[in-house]
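A.B. asks: So the protein lines, in turn, are chains A and B.
Heads up, the first sequence is in my numbering, so the first residue is 25 and it goes up one at a time.
Heads up, the second sequence is in my numbering, so the first residue is 97 and it goes up one at a time.
Bear in mind the hints are in silico, worked out from the structure with no lab data behind them.
Heads up, the beta-carbon is just placed ideally off N, CA and C, and yes, glycines get one too.
Quick list of in silico lysine to any residue cross-link-like pairs, SDA-like style, CA-CA up to 25 Å:
1. A:Lys33 <-> B:Thr140
2. B:Lys163 <-> A:Val122
3. B:Lys137 <-> A:Asp62
4. B:Lys153 <-> A:Thr125
Cβ-Cβ distance ranges computed for the label pairs, FRET-style:
5. A:Gln119 <-> B:Val101: 21 to 29 Å
6. A:Asp62 <-> B:Leu166: 22 to 30 Å
7. A:Ala106 <-> B:Thr114: 40 to 48 Å
8. A:Asn89 <-> B:Gly112: 46 to 54 Å
9. B:Lys99 <-> A:Gly120: 19 to 27 Å
10. B:Gln176 <-> A:Leu93: 36 to 44 Å
11. B:Ser154 <-> A:Ser91: 36 to 44 Å
12. B:Glu151 <-> A:Ala106: 40 to 48 Å
13. B:Lys163 <-> A:Ala106: 37 to 45 Å
14. B:Ser206 <-> A:Asn52: 37 to 45 Å
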Amino acid sequence: NAGVTQTPKFQVLKTGQSMTLQCAQDMNHNSMYWYRQDPGMGLRLIYYSASEGTTDKGEVPNGYNVSRLNKREFSLRLESAAPSQTSVYFCASSQGTVGYTFGSGTRLTVV
Amino acid sequence: EDKVVQSPLSLVVHEGDTVTLNCSYEVTNFRSLLWYKQEKKAPTFLFMLTSSGIEKKSGRLSSILDKKELSSILNITATQTGDSAIYLCAVVNQAGTALIFGKGTTLSVSS
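Chain A on its own, in the form it takes in the complex:
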């Protein structure tokens, strides 16, 4: 089973460039999440989607947009990347808040 698949695994962007991080899950989970992880900061919630067609802001949503394309896919978009968005991004999915499954992460560097 693939679980949660994130692409790309690594990315370097220049300031002001845009990009979309892709996430797909094959577990038929209703809920999907995007977190960012910075050294010493744990995981901080950017956006989540409790069900297909709904999205909500988390703790640190500024500078990001999301799309819950269908039940399987939840993408994160950076419209104009900034160095402060250099981070490791994790997508996760769950059924309710039980059984979180994380993707392997995307390491993003903005120069």
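With chain A's structure known, arrange chain B on it following the hints.
C.D. replies: Relative to the frame of chain A, chain B by itself:
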């Protein structure tokens, strides 16, 4: 605002030592507290605690919740170098829709 505070933030021990990691939380309408271990990549699930005073155990790891003190501890006995990791504590947020993580405790076990 939902909040999770972990202590210490980092810890260095020798193989064979016993360690105790702490997690305190503030959340309205507490549902559950979870512990994760993160090595190189994505966090992996350790325990979910919902009831006060009931110890969860898995090998050398154990955890217990104290709802009166709004806290939990994670114990690791006879530590090994393979226990070196970031240990993350999380609680379900007030709305019951996502996990809120603490900053993590970085444990280093030297041989």
